[in-house]
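Novice: Here is how the chains run, residue by residue.
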Amino acid sequence: MNALEIDGVWKYFGDFPALRDVGFKVDAGSVVALLGRNGAGKTTLLRILAGLAKPSKGTVKIYGSEVREEPTRRRIGVLGHGISLYDELTATENLVLFGKLYGLNDAPKRAHQWLERTGLERVRDGLVREFSRGMRQRLAVARTFLHDPEVLLFDEPFTSLDDRAIAVLQSLIAEAQARGATIVMSTHQLREAIELSTHIALIKKGQLAYAGERRQEMLDDPTWLYRTYEGESAS
Amino acid sequence: MKQDISRKGAELAKNEDVFFASSAPLRETFFSFLRQCLTIAAKDLRAEWRTKEALNASLAFSTVILILFSFALDPNPEMMQEFSGGLLWLVFLFAGALVLNRSFAREMQNDCLDALLASPVPPSGLFLGKVLANYALLMMLEFLCLVEFGLLFNVRWLGNVGPLMLVMALGTWALTVVGTVFSALTVNLRLREVMLPVLVYPMMVPPMMAAMILTTDLLAGTALGPGNMLWVRVLVGFDVIFTLLGVSLIDTVLVG
Chain A
1 MNALEIDGVW KYFGDFPALR DVGFKVDAGS VVALLGRNGA GKTTLLRILA GLAKPSKGTV
61 KIYGSEVREE PTRRRIGVLG HGISLYDELT ATENLVLFGK LYGLNDAPKR AHQWLERTGL
121 ERVRDGLVRE FSRGMRQRLA VARTFLHDPE VLLFDEPFTS LDDRAIAVLQ SLIAEAQARG
181 ATIVMSTHQL REAIELSTHI ALIKKGQLAY AGERRQEMLD DPTWLYRTYE GESAS
Chain B
1 MKQDISRKGA ELAKNEDVFF ASSAPLRETF FSFLRQCLTI AAKDLRAEWR TKEALNASLA
61 FSTVILILFS FALDPNPEMM QEFSGGLLWL VFLFAGALVL NRSFAREMQN DCLDALLASP
121 VPPSGLFLGK VLANYALLMM LEFLCLVEFG LLFNVRWLGN VGPLMLVMAL GTWALTVVGT
181 VFSALTVNLR LREVMLPVLV YPMMVPPMMA AMILTTDLLA GTALGPGNML WVRVLVGFDV
241 IFTLLGVSLI DTVLVG
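If you're matching them up, the sequences are chains A and B in order. For the first sequence, the residue numbers in the numbering used here are 1 to 235. For the second sequence, the residue numbers in the numbering used here are 1 to 256.
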């Protein structure tokens, strides 16, 4: 069963094609590392997968349905560059808010559970604006996993996370993978991404340069992929 | 014949069952949509109540304008009968822009808009939730302005308070709906504080004209009647049309 089907996706910003005929399929339960240089089009593709932008041409389907359909969005969890939390609300209020928006009947209970899991139980009634950076990031992770999404989309998930948040996120990704969730993450951290992933998609200047299973060569030498498919050394 | 009637009765009852069975998911969808709208509205009101950013700024701004007008115009009762409505709605418009500007700008902090758009809330639900929150804030602000206006300009508005509230409710809905759409449209602009009034005010000419004329009439002691009902219809028509337009266009505005 394909969790994601990306077919002939183009995205123009003005006259500039940020994505050019990108297409690949992702099996349910896969972990896909979306790799590429800065400006290659990774974030644009992830935003299209999350339904935050529409492709100029082509289609994206998640479990056979359009991304912008309401039932499909219930199945997706997105962790982007920003934490997507309200500074003026408390940690509990933020999680309960998103729980309600996802139609969870037990939103307060789930919020409480996730605050415990991310080590934020002690500050559950504290305003987010008073939180340290690490605490905010852990709360963002809790928001992403709150509704048990079947498809997880991460944009640079480990960038600017503190050690504790990285540990929390890694364990949650492993757990999600074990329960069969499909994960797509864009990242620059080659070694970590390749170790975590089952599949790799490499985007070069808006075009798909490689899409397929992770190979032993990639594990042995993370720069192998760039050298082989981009024809240059990885920085 | 009797048998025929009972058969028809049974058919009707069956149809009724089918109707209620098929309307149940529709009803559930509607209530789910309503819950999402109210959740968004409650979130916005709670956030505003904690910071009071827009409310304090708009209240202070409207007070300053009213005081300046009271000095500049040195109003007498005859003069006030002529332009009390215009003056009041100008204050509502200027102060309202400050509230409406914050509406979607609040979502840009920490990329909250992305999380809302990625959630199952339809953009129309997000829009209506924001409209409800803005409407509550604007009505509260306008009521306070009305009290200040009465005190500063010695205008007695309690005589026609019911119709006056109706006009304020209709005019404010128009301002809120148009303002919220343009707040979404200008949210990514660097000069959004300037662009919002520039875009909203020309659109607001028909409902503001109606609201100004009706408010002037009501403050002068003229009741709502056949003579000014046309303006009430203008307000109602504008509200309905622009609410439908806002709901149907917001997906394109927010997601592209």
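It should be emphasised that the hints constitute simulated quantities derived from the structure, not laboratory data. Some clues are possibly wrong.
Stated by the list, open to error - Where chain B lies over chain A, by a calculated footprint (3+ residues, C-beta under 8 Å):
#1 16-26
#2 51-62
#3 77-83
#4 199-209
Said to hold, decoys possible - Far from chain B, some chain A residues (derived; all Cβ distances over 12 Å):
#5 Gly8
#6 Asp87
#7 Arg129
#8 Thr144
Quick reminder that beta carbons are idealized off the backbone N, C-alpha and C, glycines included.
Novice: It remains to establish, for every hint, whether it holds in the given structure.
Specialist: Do the hints match the structure? See the list:
1. 16-26: violated (count 0)
2. 51-62: Check passed, 4 qualifying residues.
3. 77-83: Three-residue rule met by the stretch 77-83 of chain A, so holds; n is 5.
4. 199-209: violated (count 0)
5. Gly8: About 19 Å separates A:Gly8 from the closest Cβ of chain B, which puts it past 12 Å; holds.
6. Asp87: violated (6 Å)
7. Arg129: violated (9 Å)
8. Thr144: violated (9 Å)
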